[in-house]
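Residue numbers (my numbering), protein chains in the order written: chain X, 1 to 410; chain L, 1 to 410.
Simulated from the structure, these hints should not be mistaken for lab results.
Be careful, since some hints might not be right.
Copies of the same chain look alike in the list, so a pair counts if it works inside one copy or between any two.
When the alpha-carbon atoms are kept at most 27 Å apart in a straight line, the in silico DSS-like pairs for lysine-lysine are as follows [claimed, not checked]:
no., residue 1, residue 2
1, Lys289, Lys406
2, Lys352, Lys260
3, Lys252, Lys289
4, Lys91, Lys293
5, Lys69, Lys106
6, Lys91, Lys374
7, Lys293, Lys106
8, Lys69, Lys360
9, Lys260, Lys289
10, Lys69, Lys406
11, Lys289, Lys91
12, Lys69, Lys220
Protein chains: 2
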Amino acid sequence: MAERLIEGNAVIGQSGGPTAVINASLVGVVEGLKVAGAGQAGNPIKRILGMRHAVRGLTEDRLVDLTDKDQDFLDALAATPSAGLGSTRDKPDAAYCERIFHACEKHDIRYFFYIGGNDSSDTCRIVNELADQHGYELRCFHVPKTVDNDLMVNDHTPGFPSAARFVAKAFMADSLDNASIPGVKINVVMGRHAGFLTAASALARTHDGDGPHLIYLPEKAFDTEDFVQQVARIYDRLGRCQIAVSEGVQDKDGVAITTKLFEGETDAHGNVQLSGTGALGDALSTLVKDGLKTASGAAPRVRADTFGYLQRCYPDASPIDQDEARRAGRYAAMIAAGGDMDGSVAILRTGKGYDGDAYKSELDRIDLTEVAAKTRHMDPEFFQGDHDVSQAFIDYCTPLVGELPKFPRL
Amino acid sequence: MAERLIEGNAVIGQSGGPTAVINASLVGVVEGLKVAGAGQAGNPIKRILGMRHAVRGLTEDRLVDLTDKDQDFLDALAATPSAGLGSTRDKPDAAYCERIFHACEKHDIRYFFYIGGNDSSDTCRIVNELADQHGYELRCFHVPKTVDNDLMVNDHTPGFPSAARFVAKAFMADSLDNASIPGVKINVVMGRHAGFLTAASALARTHDGDGPHLIYLPEKAFDTEDFVQQVARIYDRLGRCQIAVSEGVQDKDGVAITTKLFEGETDAHGNVQLSGTGALGDALSTLVKDGLKTASGAAPRVRADTFGYLQRCYPDASPIDQDEARRAGRYAAMIAAGGDMDGSVAILRTGKGYDGDAYKSELDRIDLTEVAAKTRHMDPEFFQGDHDVSQAFIDYCTPLVGELPKFPRL
Numbered sequence: 001m002a003e004r005l006i007e008g009n010a011v012i013g014q015s016g017g018p019t020a021v022i023n024a025s026l027v028g029v030v031e032g033l034k035v036a037g038a039g040q041a042g043n044p045i046k047r048i049l050g051m052r053h054a055v056r057g058l059t060e061d062r063l064v065d066l067t068d069k070d071q072d073f074l075d076a077l078a079a080t081p082s083a084g085l086g087s088t089r090d091k092p093d094a095a096y097c098e099r100i101f102h103a104c105e106k107h108d109i110r111y112f113f114y115i116g117g118n119d120s121s122d123t124c125r126i127v128n129e130l131a132d133q134h135g136y137e138l139r140c141f142h143v144p145k146t147v148d149n150d151l152m153v154n155d156h157t158p159g160f161p162s163a164a165r166f167v168a169k170a171f172m173a174d175s176l177d178n179a180s181i182p183g184v185k186i187n188v189v190m191g192r193h194a195g196f197l198t199a200a201s202a203l204a205r206t207h208d209g210d211g212p213h214l215i216y217l218p219e220k221a222f223d224t225e226d227f228v229q230q231v232a233r234i235y236d237r238l239g240r241c242q243i244a245v246s247e248g249v250q251d252k253d254g255v256a257i258t259t260k261l262f263e264g265e266t267d268a269h270g271n272v273q274l275s276g277t278g279a280l281g282d283a284l285s286t287l288v289k290d291g292l293k294t295a296s297g298a299a300p301r302v303r304a305d306t307f308g309y310l311q312r313c314y315p316d317a318s319p320i321d322q323d324e325a326r327r328a329g330r331y332a333a334m335i336a337a338g339g340d341m342d343g344s345v346a347i348l349r350t351g352k353g354y355d356g357d358a359y360k361s362e363l364d365r366i367d368l369t370e371v372a373a374k375t376r377h378m379d380p381e382f383f384q385g386d387h388d389v390s391q392a393f394i395d396y397c398t399p400l401v402g403e404l405p406k407f408p409r410l
Numbered sequence: 001m002a003e004r005l006i007e008g009n010a011v012i013g014q015s016g017g018p019t020a021v022i023n024a025s026l027v028g029v030v031e032g033l034k035v036a037g038a039g040q041a042g043n044p045i046k047r048i049l050g051m052r053h054a055v056r057g058l059t060e061d062r063l064v065d066l067t068d069k070d071q072d073f074l075d076a077l078a079a080t081p082s083a084g085l086g087s088t089r090d091k092p093d094a095a096y097c098e099r100i101f102h103a104c105e106k107h108d109i110r111y112f113f114y115i116g117g118n119d120s121s122d123t124c125r126i127v128n129e130l131a132d133q134h135g136y137e138l139r140c141f142h143v144p145k146t147v148d149n150d151l152m153v154n155d156h157t158p159g160f161p162s163a164a165r166f167v168a169k170a171f172m173a174d175s176l177d178n179a180s181i182p183g184v185k186i187n188v189v190m191g192r193h194a195g196f197l198t199a200a201s202a203l204a205r206t207h208d209g210d211g212p213h214l215i216y217l218p219e220k221a222f223d224t225e226d227f228v229q230q231v232a233r234i235y236d237r238l239g240r241c242q243i244a245v246s247e248g249v250q251d252k253d254g255v256a257i258t259t260k261l262f263e264g265e266t267d268a269h270g271n272v273q274l275s276g277t278g279a280l281g282d283a284l285s286t287l288v289k290d291g292l293k294t295a296s297g298a299a300p301r302v303r304a305d306t307f308g309y310l311q312r313c314y315p316d317a318s319p320i321d322q323d324e325a326r327r328a329g330r331y332a333a334m335i336a337a338g339g340d341m342d343g344s345v346a347i348l349r350t351g352k353g354y355d356g357d358a359y360k361s362e363l364d365r366i367d368l369t370e371v372a373a374k375t376r377h378m379d380p381e382f383f384q385g386d387h388d389v390s391q392a393f394i395d396y397c398t399p400l401v402g403e404l405p406k407f408p409r410l
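Using the sequences and the hints, build the whole thing.
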C-alpha cells in the first residue's frame, strides 16, 4: 500500500507529563518508520523529525532530525526516563492549532505522531480536522501515554505500569519503615481524576497487617471527619496506620479537598496546584494529629510524604511497560506506513496474567475521537468499600508492574 | 580466647531511623555469633536474642530468639529494608538506662549489640558504664548506622551509600523531568546537621547543564534573599533550575530555616519537625515564585518535592553498602567473641575508588567514646563555594553508591 502514501516528512512530539517509558514510544515510532523505509531514496516518508517541547517547538521551528540516529543510541534512549524531546503543558486553542497546521505545511510534514494523554489525542484530532478543512493531506496518529491510566478503550496506558511499580515498591518499603517506628503515615500519590495509581499501593501488601491500611481515591467522596475516624480505628487496632491518598481526592460535591483545606490559596490563574507541593499531605497530617489527640489525649507520631514527580520518572521501569510503550510507537508508525489516515493505538489485554492464564497484550487502531478529551475512571469492580481496592484490581494490576521484591518478617 | 568469655546470652537492637541495610548489620551480628559457636552446647554465648523496638522492647521483655534462624531466612532478611526487629526514637535518660541494665540482668544478657547512630552509641556507652558500676560483666558493642553519614572516625556509615544512591538516581531522573517541562524545581533532602546526603545529589550530573544547579547544605549559612537571587541567575541563564536543599539548612546564627519560615508552628514539645512534611519545600517555592515574579514580571513554574522517608528505605541498596553493613555486624560479633569488653566498629577506606585505585574498605574496633554523641560534618574540602560540592566530594562519594544508570541526551 506504500504507493498510496503522499510524499513528505514525519514529525513526532511528546506531550504532557513525562513518564519512565515515553522515550520508548518515541523510539518505537522512529524504528517503525525506519522499518517502513523512511529516509531511504524513493520512500515517500522523507525525514523523521522530532518536535522540541511538543507543539510549542513545532510552531517555533525547533525540530531535531531523528532519521539517522543509530540503534545503540535508540536503545539507550528507549531506556531513559522523561521526554527526551522535551514536552509542554500548552493546551492549544483554535489559533494555536492553526499555527501548528501552518508549521506542518512549512516543514512539509505529512505524518504527525503525538505521544500523550487525552489532551494530546484531542490536539491530534483538532490538527487533523484543520488539515482536512484546508485540503492538506496530513495523517495524524496518537500514541497513548499517561501515568494516570485514564485513557478510554485501553486496558491500561504506557507509563502507568512503571509508575505503579514505583508506588508499590515505595509503599512496601514505607510500610516496613512505619512498622519499625510506629505511627500514622500518610502518602500522597499522583492522579487528579483517576485513582489507578493510588490504588496500585495495594500491591505492596504481602503479609497480614501490611499497609496501606486505608486507600483514598478521587472516585469516592472524601469526608474529612470520616477520614479521621477511620485512621483512629486502624491506629487503635494496630498501633500504626499507613494511608494512600490520591492528590485528587474530592468531597461529595466534587470539590477538591486541597481547595477546601486551602481556601483562597489557589495560584494566579485560579488553578489549584496538586503536584509539586506537600500541602495536602501536611493538612491531612494536621487533621489526624488534632483528631487523634482529642480522642485519646495523646498525640501519635504523624508524618506525611508526597511522592511527587519521582513517581513518573524514577529509573526502574516495568519491563512490560517498556516493551508495550515501544510496541505502541512502532504500531502507530506501521498503521501510518500501511496507509491509515489517522488513529490512536490502544492496548488490549489478551491474556489475563492470573488464574494460570499468562499475561498477553495486543495493539489495535482506534479512532482519535474514542480517546480524545475523555477520561476513564476506575472500573466499579475495582473498589472494595470506600477505602480500599478489590482483588479484581490487584489481579488487573499485578501482571503489569513486573516482579516485586519479597521481604520476610521477623 | 573463648575460654575468657563469660556465660550468658547475646542481645541485638536496632535503633533510630531505619535504613535500607540495617537488617544486613543485624544478620551480620547473628552470623558472626554463630560462627563463634553461639547456641552450641558448651559455648559461653547461649542464645542470640533480638530486642523488639530496641531498648524499649528490652525493658518490656519483648525479645525474639534469633539463634535458630536458617541461612535462607537470614539472607532474605539481610536484603530487606527498614529495621526488622523494630526501632525506637526513645532517648534513654539515667532512669531508663537503669531499666535497660536490669533487663540485661533479668535475661542473663552478657553481650549487648546496638546498631544505630551517635545517640545509639551513647546509649551503648552509658549502659556499659552502668554495668561496670554494678560490677555486672556486660560487654557492649555498637554497630554504625545512619543515612546522615555523621559518625566520627568512619570514612562513611552503613545506610548512607544506599540513601545517597537513591538521591543520586532521583536527581538524575528529576533533572530530565525538569528539562522536559522547564521551571524551577526544589528537592528537599534528609540530613538535620550534616549535608552528605544532600551533597550526593551532585552525583546525578553527567552532561553539561544537568542539575542540580544549586546545592544548599546545613554547614553553610542559608540566606533567603541570596537564595532567590541565585535561583533567578540560573533560571535566566538556563530557563530552568533544579535545586537540592537539605532539610536542615540554617541561617548564619544557626537557626533552622524551617523555624524561621514557620515561626510559632513548632509542635507541642517545641520541636521543629523536619521530615515527614513538605512545609520547607513549599515555603521555598513561595519565596522563589514571589521573588522571580517581582524580578521579571512573569511567574515561572515552581515545584517542590520532599523526598521523605523513601530516601532511607527504598529497596535499591548499594551493593557495597549491603556488604559493608553485614561485615560491620560480623566484625562486632567477632571482637565480642574474641574477648573485647566493648567498642564500636568503624569503616576505614583503604582503596580510594578513583584515579586507578580500586575501592576497598577495612573495619576496625574503636572506643565507644570516639563516636558516642558526636556529630561529624562535611569535610572542608568537600565544599565548592557556598552552593555546590567539590570534585573531592564526588570522588569520595561515587565509589560508594554502586553503578548509576547512563542516560543519553537528544
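Run through the hints listed earlier and report the numbers of any the structure violates, in increasing order. 1, 2, 7, 8 and 12
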